[in-house]
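Residue numbers (my numbering), protein chains in the order written: chain A, 1 to 227; chain B, 1 to 236.
Derived by calculation from the structure, the hints in this document are not laboratory data. One or more of the hints may lead you astray.
Claimed, not checked - Mimicking DSSO-like on lysine-lysine, the simulated pairs with C-alpha atoms at most 30 Å apart in a straight line are: (1) B/K95 x A/K9; (2) A/K24 x B/K107; (3) B/K95 x B/K107; (4) A/K80 x A/K152; (5) A/K168 x A/K197; (6) A/K127 x B/K107; (7) A/K24 x B/K22; (8) A/K35 x B/K8; (9) A/K80 x B/K229; (10) A/K152 x A/K24; (11) A/K152 x B/K229; (12) B/K107 x A/K152; (13) B/K107 x A/K9; (14) A/K168 x A/K152; (15) A/K9 x A/K200; (16) A/K35 x B/K229; (17) A/K9 x B/K22.
What the hints assert, rightly or not - To give a feel for the contact side, a few chain B residues facing chain A, derived at Cβ under 7 Å: (18) P51; (19) L59; (20) G149.
What you are looking at is a predicted structure, and each value in this text was computed from that prediction instead of being measured. Ideal Cβ placement from N, Cα and C applies to all residues, glycine included.
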Amino acid sequence: MRKKEKVDKTIVIPGDLLSDDPAKAGEGTYIENGKVYSLMYGLADDRERIRVIPLSGKYLPTIGDIVIGMVSDISFSNWKININSPYEALMHISEYPRRIESSEMAKIMRVGDLAIFKVVDVDQSMKIELAPREGQLRVLRSGRVVEVSYTKVPRVIGRAGSMVSLLKDKLDVNIFVGKNGRIWINGKAADEELAVKAIKRIEQEAHTSGLTDRITKFLEEEKHGVF
Amino acid sequence: MEFFKNGKRIDDRFPNELRPIKFDVGVLERADGSCYVEHGGNKVIAAVYGPRAVHPRHLQEANRAIIRYRYNMASFSVEERKRPGPDRRSIEISKVSREAIDPVIIKEFFPRSTIDVFVEILQADAGTRSAGINAASVALADAGVPMRGLISSCAVGKVDDTVVLDLFKEEDNYGQADMPIAMDVRTGEVTLLQMDGHLTLEEFEQALELGKTGCATIAEMQREALIQKYQGEENE
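Same shape as in the complex, but just chain A (with noise of 0.2 Å):
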């Protein structure tokens, strides 16, 4: 059984019209001579506003995402953070919610360190600055992390996180969606693995309908099949 899910949003090239009324732009879209046009290649979403969900591209922060990053440098007062995006992030030593001294910035991450941050802040240059998510800095010592392209990050997580939840109640690991793309994932190395085959199957399938369904059989059969 389908849930009730929105298919048919069809695929759009930059360009193509979407609507004559410039009230219903939305993300994606462009405004020329009163009427709307795609600004992407991607999937048209026309509800009270038309947006174009792209198919591909890179991930550009907006202020609150948590993300996935690792650190990349040191400097004297800055962790620089790679987040998957075409710019750096940096977080400031004061963020740390404890007051350490610069040289004591390598116990707390090394270079090639994973850990979980919030943007706290996006300016017009690009410039990006981190923070610990909740105050507290996790750095991931344990499982791992897979990439997929930010775009398919609403497929991971599913309608209200109907796929993370599915994948968690599947397979007995605990499971992290960076807003980046980066995905974290925590348990026993047999569900870690298939849990990422299932997320590589997602980001594959993720502009297809029914794929809720499709990933719980793919799970069934994995783990009864294989194992």
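With chain A held as given, fit chain B onto it using these hints.
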């Protein structure tokens, strides 16, 4: 040289007919966007990387992305081995091709970054810059780069005092004129127009009109190719 036989060209085309064209989207795993094009005897692959950090840093712009375009011919792409590497011709083509795709890209979304386009000509048979622009345009869309529209390109020319669409090698080499055009078909904005040889004013106007119809046909193929990439998978 005889260019026409019973009103048809040497390769059995009508004067206003394009060569067979094939687009393949997303052929490169590691590129952000890619497209392979066969346009008659031309075989071209385009790869797009970015938006990404600019190196060297002094090239970056504070408020927008920069576009870099490299047109390159493989040494084996022509009959007589071409000396590899950029030469006067390919540097010029890189420049005009970049300027052909540049106006539709929304560069302000990505300050301090670059969008790199690489176009490799694997096999050449006249009209490689057009084929390259067509491929690059589709690859940009595939990479998720925001654009106002797609750029489509084709050449027109004159052989035997007749205006013809989409010259191939022999017509280009022994014909009287060759004129590549690139445009955004929806708005009608022409972003590239070059000419080699001679046309009268009447011929030029006729050629431009013919070129626009060619571009319109190619624009339709580009859209088909992009839509096919996702619909094809759905039918599996």
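Hints and how they fare:
1. B/K95 x A/K9: Roughly 38 Å separates the two Cα atoms, so the pair is violated.
2. A/K24 x B/K107: 24 Å, holds
3. B/K95 x B/K107: OK: B/K95 and B/K107 at ~17 Å, within 30 Å.
4. A/K80 x A/K152: 26 Å, holds
5. A/K168 x A/K197: Roughly 14 Å between the alpha carbons, so the hint for A/K168 and A/K197 holds.
6. A/K127 x B/K107: 17 Å, holds
7. A/K24 x B/K22: Roughly 36 Å between the alpha carbons, so the hint for A/K24 and B/K22 is violated.
8. A/K35 x B/K8: 43 Å, violated
9. A/K80 x B/K229: Given that 30 Å is the threshold and the Cα spacing comes to 37 Å, the pair is violated.
10. A/K152 x A/K24: 24 Å, holds
11. A/K152 x B/K229: 16 Å, holds
12. B/K107 x A/K152: 24 Å, holds
13. B/K107 x A/K9: Status holds; Cα separation ~27 Å.
14. A/K168 x A/K152: 18 Å, holds
15. A/K9 x A/K200: Cα-Cα ~22 Å, so holds.
16. A/K35 x B/K229: Holds: A/K35 and B/K229 sit about 27 Å apart, inside 30 Å.
17. A/K9 x B/K22: 26 Å, holds
18. P51: 4 Å, holds
19. L59: 15 Å, violated
20. G149: 3 Å, holds
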